[in-house]
Amino acid sequence: MKFELTKVAKLALALSLTLCTQLALAGNDVDPKCISNGQDIGINNAEVIHWKHTTKNQFLARAHVQGTVSKVFPDHSGHKHFEIKLDAGAGETLEIVYNLSFGKLPALAAGMPVEACGDYITSNAATSAYPASPDGAILHWLHGTGKGQGSGLATAHDAGYLEISDVIYGQ
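Each residue of the sequence shown is one higher than the one before, counting from 154 in the working numbering.
Hints were generated in silico from the structure; no laboratory data involved. Nothing here was measured: the structure is a model prediction, and the numbers come from that model. Check the hints yourself; a few may be wrong.
Restricting the straight-line Cα-Cα distance to at most 27 Å, the calculated cross-link-like pairs of lysine-lysine (BS3-like) are [as the list claims (entries may be wrong)]:
no., residue 1, residue 2
1, Lys209, Lys238
2, Lys209, Lys224
3, Lys224, Lys238
4, Lys238, Lys257
5, Lys209, Lys257
6, Lys233, Lys257
7, Lys233, Lys209
8, Lys238, Lys186
9, Lys257, Lys186
10, Lys186, Lys233
With the hints as constraints, model all of the structure from the sequences given.
Laid out in structure tokens, this is it:
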């Protein structure tokens, strides 16, 4: 006996498969946690702005920020550099530095929403290794720990991430 699906049955099957796929993928839409010393930290834009204005050059802390792309700098040394506005009213900005060995990024444009978790560094003066940031501070280490990436970064470091327009990068 040959089994044939009617048009209605085919449509119902296709809709069921689509719904199952969407439900399975929806579980992956959860943002990764931003961890600092074993604790999940929430968005701390205000604290980052405070650090930027009150800490010495090379101050280091974990940060979890949200903003929008405001400027894109030329790529160099295998890293993507761009600026985000943290507080549109006050014009506070932060330079984001993403290591491209952890994956490509989309073409960036002003206004794109960004969430980032990583290491904040006050960068208001040049060091022997790096120039000062045009924004006075950077956020970097926006990726996994490097284990298995062939990057030599296999350390006991909290992972970070970068989210641009609801897509996670650096994982």
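Within 27 Å, alpha carbon to alpha carbon, are Lys209 and Lys224?
25 Å, holds
Can you confirm whether the C-alpha distance between Lys224 and Lys238 stays at or below 27 Å?
9 Å, holds
With the threshold set at 27 Å, check whether the alpha-carbon distance from Lys238 to Lys257 stays at or below it.
22 Å, holds
Against the 27 Å threshold, does the CA-CA distance of Lys257 and Lys186 hold or violate the hint?
Roughly 21 Å between the alpha carbons, so the hint for Lys257 and Lys186 holds.
Taking only the CA atoms, is the gap from Lys238 to Lys186 under or equal to 27 Å?
Cα-Cα ~22 Å, so holds.
Taken at face value, is the distance from the CA of Lys257 to the CA of Lys233 at most 27 Å?
9 Å, holds
Pairwise hint evaluation, Lys233 against Lys186, where the allowed Cα distance is 27 Å at most:
23 Å, holds
Restraint check for Lys209 with Lys238, where alpha carbons must lie at most 27 Å apart:
22 Å, holds
With the threshold set at 27 Å, check whether the alpha-carbon distance from Lys209 to Lys257 stays at or below it.
Distance of about 32 Å is beyond 27 Å: violated.
With the threshold set at 27 Å, check whether the alpha-carbon distance from Lys233 to Lys209 stays at or below it.
Distance of about 25 Å is within 27 Å: holds.
This entry does not satisfy hint 5, going by the numbered hints stated previously; all others are met.
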